[in-house]
Amino acid sequence: MDLTQFAHPPGQLAGRTLEEWNSAYAKVESYFHALRIQNKVLLGQLVIHVIERAMHRAPKEPQRSATEIAAEEMDKLVTTWFAEVLQEQPTNVDQQLSTRGRLSLLLADMPGKWQDQFLRPGPWPEEFVTAMRETYLRAGPDFQLSKMVPRPLDLGPIATLDSFSRLPYFKMFSVWILFWIALIVIFILTH
Amino acid sequence: MSPAANQPNPTIISQPRVRRGHRVFFFYSSALLLTGFVSWLFADLMWRTDWSISKTILLALFTILFLLCSIGCMNAIFGFFIRLIGDNSRLTQLNDYRSHDIKGISTAIVFPIYNEDVARVYERLRAAYRSLQKAGEIEHFDFYILSDSTNPDKWVEEEKRWLDLARDLDAIGKINYRRRVNNEAKKSGNIHDFLTNWGRRYRYFIVFDADSIMRGATILDMVRLMEVNPEVGLIQTVPALVNAESLFGRIQQFANRLYAPIFISGLNYWSQNFGNYWGHNAIIRTEPFIQFCDLPHLPGRKPFGGQILSHDFVEAALMLKENWQIWFAYDLEGSYEEAPQDMIENAQRDRRWCQGNMQHAMVVFAKGLRGVSRIHLLMGIFGYLSSPLWLLFLLTFNFILWSRELSGLSDITVHAFTPFLKVDGMQHAFLIFGICMTVIFLPKVLALIDLARDKQRALAFGGMRHAITSAIVETTFSSLQAPLQMLWHSKFVTTILFGIGVNWGTQNRGSDGISWAHAVRNHWAHTAIGLVWGYAVWRLDQPTFWWFAPVCAGMVISIPMSVFTSRATWGERARTSGLFMTPEEILPPPEIKRLRERMKALDESGSGEPFASGSGLAIAVIDPYVNAIHVSLQREKWLNPQYAEMLAQIGVARPEVREYGEKLLAEGPDALKPAERMLVLADSRVMSWLHHQVWQRPNETLAPWWQKAIRKYARN
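Residue numbers (numbering that gives the first Met the number 0), protein chains in the order written: chain W, 0 to 190; chain G, 0 to 715.
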């Protein structure tokens with residue numbers, strides 16, 4: 000990478016401060032780290048690759064921060080790669096491809112077995128491609144909908160008793176009735 | 000639908016020799032006869048010192064309470080003799096089932112969960128899965144984690160750990176996870192939801208609880224038993240308590256393992272094919288359950304009206320009503336569950352069960368139910384109602400004592416109408432007391448005799464000497480704990496009747512039991528009642544005080560008793576002394592052994608720690624994989640018309656959810672109400688959008704809460 004092409008004024012790269020690029024670098028690195036890219040060399044290479052692409056774009060979009068551009072580039076790079084591996088069109092209205100791609104990475108065990116293949120241009124090992132394309136995630140097998148409806152149950156005499164609880168001030172009445180019963184009982188017992 | 004036809008005909012090896020109706024009559028007649036005799040003696044004793052209304056009340060209460068004790072005792076006596084002479088009238092003896100082929104039979108194993116300790120529930124699932132795998136029949140089973148969790152952290156943790164587990168076991172597509180859109184009708188609604196979505200795929204389903212563990216071979220036996228008994232709708236196993244560490248937990252575990260066999264044998268004697276369902280560790284025939292066991296809404300308001308909370312007994316009653324049989328397969332080993340580890344947690348569980356059981360009062364007179372179902376429902380109700388009745392009995396007795404003291408008159412004992420007894424008043428009272436104590440403690444003695452008959456089994460309890468010592472200590476502890484149960488249950492029943500909630504405060508349980516502060520908060524009233532009551536009785540009549548001393552002692556020492564029995568160190572001390580040993584402790588089955596090892600490893604590594612409060616949302620948004628899992632599962636819900644309707648009803652996919660998302664990014668989760676946060680989590684589009692936004696926006700434009708959460712993903 001020829002960094003001299005971006006370093007116009009001192010302390011700047013591609014029209015942004017070094018601090019700004021540092022933040023962008025940290026964010027991109029964090030994302031790849033979140034994707035469980037643990038290999039330091041690989042991680043560094045991938046981040047530099049994204050930052051390089053962002054630096055190319057940066058002078059044309061002076062109003063946007065380095066982090067935004069770098070993150071966009073990272074997203075574009077990852078989604079395009081998903082489209083290639085999964086052989087899908089990157090229409091991506093609802094980021095469906097991104098979701099599916101990330102899920103495939105996890106289920107194919109990219110962090111464990113295929114770190115070196117991540118974002119690498121094809122052709123990829125057959126086993127890796129198969130693992131990526133054949134993964135799926137569902138809450139369960141196909142729904143087989145049925146209706147479960149309660150049958151009428153005649154509760155018998157208790158159902159009519161229950162209507163007492165609908166009387167206004169039922170609780171208050173019952174407490175007072177209990178109180179008077181208690182008074183009467185105490186009276187009888189003590190005389 | 001009638002019991003399935005065209006099923007293979009298994010070899011019948013035994014049939015019940017005595018009709019079930021005769022067994023019920025004989026059993027309950029014995030209990031009533033004993034109650035009648037003792038109540039008559041009690042009435043006679045009352046008569047000796049003049050009759051009064053309060054004595055009528057006392058007699059009525061005594062009769063009810065004694066009947067309940069008598070039924071318990073009869074269960075033990077019948078069970079003891081059944082075990083002594085051998086019992087052919089049990090499900091496993093009716094047909095030759097062991098060699099039955101279950102190829103092509105699909106069974107779902109369902110785990111309804113609600114804000115549980117996720118790592119531990121999943122470890123229990125892993126144990127059952129591995130055990131079935133080892134038994135060589137895993138292909139006939141599908142597992143379902145049916146989440147009803149309302150805590151966003153639990154929700155996300157369940158999803159993440161589910162995929163980890165499924166990947167680890169290479170069981171993606173075999174172990175399924177779904178979270179309901181709403182919590183309608185709680186556990187029964189959760190099962191209902193599973194059945195309406197996937198139920199028809201399976202001939203049987205087996206219900207686990209969050210604390211359940213089952214051996215693969217036992218699960219296979221349950222399916223085979225169902226296959227060879229096509230008229231059976233439900234088989235309930237009897238779970239053994241395992242994995243207790245605290246002293247309280249180990250005492251309960253020991254009591255369960257020692258006493259349950261004779262009680263359950265007695266229960267099976269009279270219930271036979273009209274058994275009951277306890278809500279878990281049971282296999283259910285799907286089709287009749289779908290057809291007949293949806294629970295009706297009860298008329299009126301809470302606590303009795305509305306949804307039936309304690310669904311299991313009612314579902315069993317509905318199944319029996321439609322001529323399907325229910326059996327206790329009590330001799331099937333390999334069915335386990337874990338239990339609360341301290342008295343307060345145990346009471347909290349009782350509070351939930353109490354409300355459900357009290358609600359059964361609405362169903363008990365329903366038309367068409369079997370008489371045995373009514374007995375099961377009534378026994379459930381009186382399991383809790385007996386506490387306020389006992390309290391009332393003691394208070395009435397105190398009142399009689401007080402009124403006698405107040406009158407200043409001494410008792411003039413007269414001859415009773417039983418002169419042939421030739422006993423004085425004191426001897427008469429002691430005779431009744433002796434009978435009561437016998438009825439209460441005889442089951443324990445019978446259980447020990449039953450144990451002594453089987454040397455191998457006795458060794459599995461640490462030997463007879465240890466078993467007897469443990470039973471004596473257990474009896475002492477349960478005698479001290481009983482008055483607390485009485486106060487707790489009385490409070491539950493009263494508060495439920497008046498529709499008042501019970502405030503427990505936050506659970507304060509460390510690695511070695513509950514804290515003193517937590518115990519004081521929950522027991523100060525018990526201590527105060529014990530002191531005041533004891534003092535009052537002492538002032539009234541000192542000889543009577545000593546009769547009351549055990550009751551008051553349990554209350555007075557409730558705080559230290561609660562703290563010390565909750566401690567694992569005390570449990571360990573008891574274990575090293577050989578106390579409260581159970582077969583699963585001495586010779587742990589492989590499933591339990593592996594489960595313990597896994598849990599120990601989880602504890603040591605800290606990887607089983609629940610997600611920190613608030614972290615679920617952060618992880619679901621930030622983590623690329625967790626976000627993908629969460630979004631995929633949420634998207635899938637729209638494929639189900641019922642879920643789609645519910646999602647639309649709660650407001651998912653409305654424009655304002657995106658606004659909540661913006662607010663979330665700018666101000667952090669505290670800016671949203673809990674319901675709004677749940678709405679964001681339920682919206683797959685917004686969650687996907689949030690994931691991209693949080694990684695694309697410069698950190699300084701995000702709320703500090705996000706900046707902190709993202710930092711956790713930075714390379715160290």
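Please note that a few of the clues may not be correct.
Pairs of lysine to any residue residues, derived as SDA-like cross-links and limited to a Cα-Cα distance of at most 20 Å, are as follows [as the list claims (entries may be wrong)]:
no., chain 1, residue 1, chain 2, residue 2
1, G, 711, W, 151
2, G, 366, W, 110
3, W, 146, G, 301
4, G, 320, W, 155
5, G, 636, W, 141
6, G, 421, G, 185
7, G, 185, G, 103
The hints are simulated quantities; they were obtained by calculation from the structure and are not laboratory data.
Verification of the supplied hints:
no. : hint            : verdict
1   : 711(G) x 151(W) : 56 Å, violated
2   : 366(G) x 110(W) : 62 Å, violated
3   : 146(W) x 301(G) : 27 Å, violated
4   : 320(G) x 155(W) : 15 Å, holds
5   : 636(G) x 141(W) : 12 Å, holds
6   : 421(G) x 185(G) : 60 Å, violated
7   : 185(G) x 103(G) : 32 Å, violated
The structure is inconsistent with the numbered hints 1, 2, 3, 6 and 7, although it conforms to all the rest.
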